[in-house]
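Undergrad: Sequence:
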Amino acid sequence: MTNLHCDVMTCANNRDNFCCRPEIQVSGRQAQDSEETCCSSFLDATDGAQNSVGCSLPNTALDIYCEAENCRFNSNERCDANEISVQSGNAQPHSQSATACASFENR
Numbered sequence: 137m138t139n140l141h142c143d144v145m146t147c148a149n150n151r152d153n154f155c156c157r158p159e160i161q162v163s164g165r166q167a168q169d170s171e172e173t174c175c176s177s178f179l180d181a182t183d184g185a186q187n188s189v190g191c192s193l194p195n196t197a198l199d200i201y202c203e204a205e206n207c208r209f210n211s212n213e214r215c216d217a218n219e220i221s222v223q224s225g226n227a228q229p230h231s232q233s234a235t236a237c238a239s240f241e242n243r
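Counting the sequence shown from 1 gives a position; our numbering is that position plus 136.
Honestly, the hints are just simulated from the structure, not real lab data. No residue lacks a Cβ here, since even glycine has one placed at the ideal position from N, Cα and C. Among the hints, a few may not be true.
Said to hold, decoys possible - The following label-pair restraints were derived from C-beta to C-beta distances:
1) E219 with N242: 12 to 20 angstroms
2) N242 with T182: 28 to 36 angstroms
3) D180 with H141: 15 to 23 angstroms
4) E205 with T182: 28 to 36 angstroms
5) T182 with E213: 27 to 35 angstroms
Using the sequences and the hints given, assemble the complete structure.
TA: The following block contains the structure:
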């Protein structure tokens, strides 16, 4: 399991900079840098959604499934980094495209 820090405050899954999901999916199969990745588990909090899994305690470590073939931490579509950071990008703040795996490192 990977330690996850998340600063995407517009995500309904975010609680205290951690994720309340048991796992997340990072997309960006052909990404060459972090800005070409996104958290496809993002759920817009402004859509009236409450925490999607109904947890009261966020997960500090969780399974991260990763499509980013060019990331050095991708091992058979699983992230094997000790920790990652998901951050808000400059795109639409209420969409998946506004997120990025800031820990992406090109092979």
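Undergrad: Flag every earlier hint the structure violates by its number, smallest first.
TA: none
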